[in-house]
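Take the two lone chains, each set in its own frame, and fit them into one complex as the hints suggest.
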Amino acid sequence: MADNEGPKGTQPPGSRQGGGVQEPSRRKFLVNAGYAIGGVVVGGALGSLIRRNNKAAAPSPASPSASPGAAPAAEPKNYNRALMFLTQEQFATLNAATERIFPTDDTGPGAQALGVAYFIDHQLAGEWGFNGREYMSPPFYHGETVQGYQGRLKRREIFAIALKEMDNYSQSQFSKNFVDLTADQQDSVLSDFESDKVPLTTISPSGFFKMLRSSTIEGAYSDPLYGGNLDMAGWKMRSYPGNQMSYAAVIDKEFTAMPPNSLQDHMAGH
Amino acid sequence: MAKTLPKTDVVIVGVGWGGGIIASELTKAGMNVVGLERGKERKTEDYFMVHDELRYSQRYELMQDLSKETVTFRSNEKMRALPMRAYGSFLIGDGIGGAGVHWNGQTFRFLPYDFQIRSKTIERYGKAKIPDGMTIQDWGITYDEMEPYYDKFEKMAGISGETNPLAGKRSSDYPNPPMKKSPPMQMFEEAAKKLNLHPYMQPSANLSQNYTNPDGIARAACQYCGYCERFGCEYGAKADPVVTVIPVALKTGKLEIRTHSHVRRIMHSGGKATGVMYTDVTTGEEIVQPADIVVVTSYVFNNIRLLLMSKLGKAYNPATGTGVVGKNYAYQVLKGNALGFYDDKKFNLFAGAGALGMNLDDYNGDNFDHSDLKFIHGASISIGQTGFRPISNNQVPSGTKAWGQEFKANSIKYANSWISVGGQGSSMPFQHHYIDLDPEYKDAYGDPLPRMTFDFEDQDRELAVFMANKCEEIQKEMGASRIDKLKSLGPYEITTYQSTHNTGGVIMGADPATSAVNNYLQMWDAENVFVVGASAFPHNSGYNPTDTVGALAYRASEGILKYAKKGGSLV
Numbered sequence: 001m002a003d004n005e006g007p008k009g010t011q012p013p014g015s016r017q018g019g020g021v022q023e024p025s026r027r028k029f030l031v032n033a034g035y036a037i038g039g040v041v042v043g044g045a046l047g048s049l050i051r052r053n054n055k056a057a058a059p060s061p062a063s064p065s066a067s068p069g070a071a072p073a074a075e076p077k078n079y080n081r082a083l084m085f086l087t088q089e090q091f092a093t094l095n096a097a098t099e100r101i102f103p104t105d106d107t108g109p110g111a112q113a114l115g116v117a118y119f120i121d122h123q124l125a126g127e128w129g130f131n132g133r134e135y136m137s138p139p140f141y142h143g144e145t146v147q148g149y150q151g152r153l154k155r156r157e158i159f160a161i162a163l164k165e166m167d168n169y170s171q172s173q174f175s176k177n178f179v180d181l182t183a184d185q186q187d188s189v190l191s192d193f194e195s196d197k198v199p200l201t202t203i204s205p206s207g208f209f210k211m212l213r214s215s216t217i218e219g220a221y222s223d224p225l226y227g228g229n230l231d232m233a234g235w236k237m238r239s240y241p242g243n244q245m246s247y248a249a250v251i252d253k254e255f256t257a258m259p260p261n262s263l264q265d266h267m268a269g270h
Numbered sequence: 001m002a003k004t005l006p007k008t009d010v011v012i013v014g015v016g017w018g019g020g021i022i023a024s025e026l027t028k029a030g031m032n033v034v035g036l037e038r039g040k041e042r043k044t045e046d047y048f049m050v051h052d053e054l055r056y057s058q059r060y061e062l063m064q065d066l067s068k069e070t071v072t073f074r075s076n077e078k079m080r081a082l083p084m085r086a087y088g089s090f091l092i093g094d095g096i097g098g099a100g101v102h103w104n105g106q107t108f109r110f111l112p113y114d115f116q117i118r119s120k121t122i123e124r125y126g127k128a129k130i131p132d133g134m135t136i137q138d139w140g141i142t143y144d145e146m147e148p149y150y151d152k153f154e155k156m157a158g159i160s161g162e163t164n165p166l167a168g169k170r171s172s173d174y175p176n177p178p179m180k181k182s183p184p185m186q187m188f189e190e191a192a193k194k195l196n197l198h199p200y201m202q203p204s205a206n207l208s209q210n211y212t213n214p215d216g217i218a219r220a221a222c223q224y225c226g227y228c229e230r231f232g233c234e235y236g237a238k239a240d241p242v243v244t245v246i247p248v249a250l251k252t253g254k255l256e257i258r259t260h261s262h263v264r265r266i267m268h269s270g271g272k273a274t275g276v277m278y279t280d281v282t283t284g285e286e287i288v289q290p291a292d293i294v295v296v297t298s299y300v301f302n303n304i305r306l307l308l309m310s311k312l313g314k315a316y317n318p319a320t321g322t323g324v325v326g327k328n329y330a331y332q333v334l335k336g337n338a339l340g341f342y343d344d345k346k347f348n349l350f351a352g353a354g355a356l357g358m359n360l361d362d363y364n365g366d367n368f369d370h371s372d373l374k375f376i377h378g379a380s381i382s383i384g385q386t387g388f389r390p391i392s393n394n395q396v397p398s399g400t401k402a403w404g405q406e407f408k409a410n411s412i413k414y415a416n417s418w419i420s421v422g423g424q425g426s427s428m429p430f431q432h433h434y435i436d437l438d439p440e441y442k443d444a445y446g447d448p449l450p451r452m453t454f455d456f457e458d459q460d461r462e463l464a465v466f467m468a469n470k471c472e473e474i475q476k477e478m479g480a481s482r483i484d485k486l487k488s489l490g491p492y493e494i495t496t497y498q499s500t501h502n503t504g505g506v507i508m509g510a511d512p513a514t515s516a517v518n519n520y521l522q523m524w525d526a527e528n529v530f531v532v533g534a535s536a537f538p539h540n541s542g543y544n545p546t547d548t549v550g551a552l553a554y555r556a557s558e559g560i561l562k563y564a565k566k567g568g569s570l571v
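Protein chains in written order, with UniProt numbering: chain A, 1 to 270; chain B, 1 to 571.
Excised from the complex, chain B in its bound form (with noise of 0.2 Å):
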């Protein structure tokens, strides 16, 4: 039998940016919180020998250990779906932090367009230009909405930056300045401006300066290593959980962190929930932590297998499109991208920060006319300089043999000048593209692996191959030598890394029969439920979640502490 520990007001499943931001607002506001997460404790002094990019990129130091626990994988229903024995097109973070500790720091809103996305589709080309099975449907909120949110997280983070001439107004400017510029993005930044489009510096969650937030977190400027991406901070410059929100809620001793908690399932009845069971992971006891509230705040795939696992939400069902938990996964079509080499330029590209770069929104959301494409949507064009390490990267001439002399030389002779502009395509949802229960294969603790079927269909071959030509162009007016683009979209494999930005599952939106949480991210089902992260995302944006993911906890944060006061379905 599961021993049973005393009742706590709300309890929160995975703390990374989700469970993080939930934990330091609700503690703020005096409620008692206990966090559990599966993985271990994280501290900035953990990465002392972080600059080594065979233990951390290539080895997946900070992510979840796939002996114990992964996705099984499909392209269509008509296959088996086989474990993802290593990690390849996406990785999956473990630990407090979670995935905020091993991102870049990217952190761009999305776009008005976005939250209203299919009522703005049909109000400008007409309903015929979504293709059948294509479920995109507007949020239930707006970017008016969302907007003080938005805020909130980039003040918190202290986001550097300045503003996108194409998106969404700003109640006020970014925290702090943008970050320096490398010649390679004054290249990007001068073609672009002739070609004339709208470049501007990318949104950075690596301090451009040093910074106290709105909580009074004082944190350090970035040093510009070249090492954000897959590693942790140790300078605390990168914002991530550990360094700005979780430190705040246990200042106020309202929040405990159990570690190596394992939650497993939600315990409901009569449409509310009334706490979790989890595996003590060191033991292997099992532990039932009652709660008023519940807040689900892990990753994508656990937040849709959690509530799958506990019967709690109506499970989707591809063939009819009813139902809603596991619904509209969706991801990033990262491909459509140009590379250039420079034979007679060299660059620092040793140096940089995971967001580091410069960006364009001509082609993002619908800032551009359609009529004549078959896709909907676009994608933000850019050039990063995130530190370019020498393992991973050895960018050569298509045509050079892959490995022996030629490979070498010409490895070596590019290594400090190639420059890649890429386009980071937005995801739509497909009735077919979903995550639900793997039938067979089973994780560390028997229960059942989240299993995942999708596959890139016309709209992101069609939007993939539009954005490598734009990105040609650029690379043109920047004077490279010579150019590689990606030609046609080949099928989504799991094998090679391309992004690990995985949404949908438990979406928002105005209507029950449509969505699975409201736009306070409270379950339709169970209203003591709240489910928070980019599982809440009904289609996928061309930019990076972070931000989004963020003012969304903000939103629910605010949502909850209402609920606790009076009960009931907030909308």
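So that you can see chain A by itself, here it is in the shape it has in the complex (with noise of 0.2 Å):
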């Protein structure tokens, strides 16, 4: 059920034996850093990639710009923009939600141009979504702040009620849909969600708030392969560098900018 999408997909299971994975970052690193006691090669990840190393190169995974017979400089198309568990209109209110908390601004693109509701939505999906790592077992009982979430729904149950029930409430305040309210109207039906303002028995408002904002955060910042984060414009606006090899040359350095690379970058090879 977990994450069907993005280039893990080119790699079937159980290949890793198989040589099918290319790692010129890798290796390319490891001949420069002489990465070795006394000529031979310590660590297991670094051992098998030695070991690796005189296999066949397998096909890169797929990438969109690289496809042969792609028709020339058309707009690559992005195969991860679709639904996995939301509805268009759940969707809709999501993306307006999430662009709310992080917004597009001088600083650089909000949660719609990152692609966070789909990430959101691809997360409801799996695992996630479905709490499936988390003790859910009865019996329930109201509990203290300290002992934290008691509740028996699964987040994308808590989803699907909340962001039903933030167009009930901007119905009630503005005789609108969320999507349709102007920005500040937006924000204050999610600041009534956050203090608890808004009246629901289902689910607690904040604690649905709380979620939604550190699953924002979360699709702004996480790796690209999960859907948000999209080109890593997340990282570059704070200037992280993502998924690199070593720091060992800047650890002691004042601030260094570098291009930042995702896992992708892992498989594919530069």
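These are computed hints drawn from the structure, not numbers from a lab.
You may find that some hints are simply not true.
Unchecked claim - Label pairs and their computed distance ranges (CB to CB):
| no. | chain 1 | residue 1 | chain 2 | residue 2 | range |
| --- | --- | --- | --- | --- | --- |
| 1 | A | Asp105 | B | Asn469 | 34 to 40 Å |
| 2 | A | Gly207 | B | Ser119 | 44 to 50 Å |
| 3 | B | Gly490 | A | Asp106 | 53 to 59 Å |
| 4 | A | Ser188 | B | Gly490 | 26 to 32 Å |
| 5 | B | Asp280 | A | Gln150 | 28 to 34 Å |
| 6 | B | Thr495 | A | Pro138 | 17 to 23 Å |
| 7 | B | Pro439 | A | Ile161 | 30 to 36 Å |
| 8 | A | Ala248 | B | Ala510 | 44 to 50 Å |
| 9 | A | Ser188 | B | Pro439 | 41 to 47 Å |
| 10 | B | Ala444 | A | Lys210 | 26 to 32 Å |
| 11 | A | Glu254 | B | Glu145 | 44 to 50 Å |
| 12 | A | Pro76 | B | Lys251 | 49 to 55 Å |
For every residue, glycine included, the Cβ atom is placed at its ideal position computed from N, Cα and C.
Structure (structure tokens):
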């Protein structure tokens, strides 16, 4: 049920021993670093890398712009941009809400441009949406704040209920659905969820808001393989270099800007 | 009926640091060992995609599956304990290597004061200094007796560091020189020296250079990639059981590791264990593994729970303070810190290593006068550069709205311009802090979950604020443009991450009436059962626990070898 999207899909499960993965970035790094003790390469991951070194290269993971036969100069298609769980209406509400939490401004793109709502949709479709690795067994009692979430609803159920309730509340306050409100009105709806001013019995408005806020930040800054942080633009805004092999050369130096790498760079090489 | 397998010399419950060290020492000495691990196999090749903050840090890739097993929690006995349904305050490891895989590598020795905390506190301040209900006690061993075992663990793991001027005497230097110093660390060092404090480089299990240990295990130097805590090390540069002690044990041909084997009971009769019963979680089959010696080496909660479920050792009774199993649960007081924002400076905060940092112990243990203070012990104050990843590090000055344009602008403005100076506070035990079996909630196999009863006390609140003020003084000297510090410590809550330094419950000591194991970690009530881990700590110091866990595991190994030869109580 987990991540079906992105470059992972190009490597069938269990293909690790088959040498189906190329690691030019690591190889280059190791050779340059002379990464060995007395000529013997140490460390499991490093050892396995050298073993793989001699294997034939596998085809690189599909990169739309590099696909043979693709129409020249066409905008590359992003197959990640489809919904796994949310309805179109829910998606539109979520997209608008995440944009208010993390808006486009002088610092750079906001949630919408980064694809945060796609990220959340895909997460809700998987293990996280089902609270798959969390203790969801009964009995359920009302707990104290210090004891954390004690409800029986799963994240995907909470999101579905909350997105509907955002519209209900928007209608009650402004006679419009959330997506049709002005930015200020949207902010006031979100603030009322944040401060539990919205009277709900099914879910905790502030509990939902916390989840919405944290998953928005996750969508802005997680590796692009999950559907958010489009083109690593979230990382670029804050000079985060993403996935790098080594900072040994800069750790004791003043701030050093460098272009970011994604996990796909690890798979595909440069 | 459970299937019964042929008997082995020693069975180990859980293959992390404790189990790995015991297995390597015993198999080197020729004993046959079976290691039972409820989780899966682990190797460095698993970490090909490890630079993934979402998967490892936010979704807890390496941690125990809480849907199968968790703990329940209440602040006090008047409350109903409820399950920790999702991760927060601490993270429980799983699989080969256990929590030793996802640690940061900070490797401190406890202070001489720690091992004799009760006598030394009374000696200097009088009995009245210890408040009612605080159940501190001496460990039944001294720092000088512990020293050779610390030394052994540090050489095995290849610790990189420099001598701490305010700690116990060392028989030899760290096996590797300290790690590199980042500019924020240099600022901290300079400021601390100006304040007449004693900064030193954090002792690190991330290697500062390539290193071959006394067992012949060669490992590579740390690359400061910034993915240690909650992650496994793709280089094997961070010492963990998988790249150090376990291969040594396997090479002897005398260790058999069985993964997916969840131990549920210690079988015993007449004050001696006969083996363990476990469930093969892939088939559901119950299996009995007979053994001459049983070594319990799982994480704190399961060490306690397994003894209680097996009815081995006297269960603790918080009403009377009698009994021992489950007693003296302690934690860590981590919120006493000061966060500095630096308007005109930028640092490489994305770079780092789990144990890259500087510490000072001027306010730790009894290194300072507590006569006029309302707490004992203290904290190690440090600056850490662990590698600050973007999802979990969005520091903004207090007063900033939690979301929207202002939040975004400030979090980006300060993304590489903040420094945290914090105190890792010790945690004293109290009569009403303990672990027992939950009366209601069960794990996936129908066994009761462990139940934690714990809250912060006046001791912790005083300590946290004192440390926050000291951290603020250092930040001022470092030149922060703005400082936000802890003003008061709230109640303990299980929802936000603090520390995976849970301790106590099967504590060591010199007296069977007040401790569960002797100073070889041998159970008073069952001479062929050894219980290894931070569960043996009678209190928790102002340091990370792993060096002491490792040292005690070497001490226990020595005890087990002695016991195998002559039997009986070792003390």
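Verification of the hints:
1. A hinted range of 34 to 40 Å holds for the C-beta pair Asp105(A) and Asn469(B), which are about 37 Å apart.
2. Taken as a hint, the range 44 to 50 Å holds for the pair Gly207(A) and Ser119(B), whose Cβ atoms sit roughly 48 Å apart.
3. Distance hint check for Gly490(B) and Asp106(A): the Cβ-Cβ separation is about 36 Å, which falls outside the suggested range of 53 to 59 Å.
4. Ser188(A) and Gly490(B) have their C-beta atoms about 29 Å apart, which keeps the hinted 26 to 32 Å range intact.
5. For Asp280(B) paired with Gln150(A), a C-beta distance near 32 Å keeps the hint of 28 to 34 Å intact.
6. Between Thr495(B) and Pro138(A) the CB atoms are about 20 Å apart, so this pair conforms to the stated range of 17 to 23 Å.
7. Pro439(B) and Ile161(A) have their C-beta atoms about 33 Å apart, which keeps the hinted 30 to 36 Å range intact.
8. A hinted range of 44 to 50 Å for the beta carbons of Ala248(A) and Ala510(B) is consistent with their spacing of about 47 Å.
9. Taking the beta carbon of each, Ser188(A) and Pro439(B) are about 46 Å apart, inside 41 to 47 Å as hinted.
10. For Ala444(B) and Lys210(A), the Cβ-Cβ distance of about 28 Å falls inside the hinted range of 26 to 32 Å, so the restraint holds.
11. Distance hint check for Glu254(A) and Glu145(B): the Cβ-Cβ separation is about 46 Å, which falls inside the suggested range of 44 to 50 Å.
12. For the hinted restraint 49 to 55 Å between Pro76(A) and Lys251(B), the CB-CB distance of approximately 51 Å keeps it satisfied.
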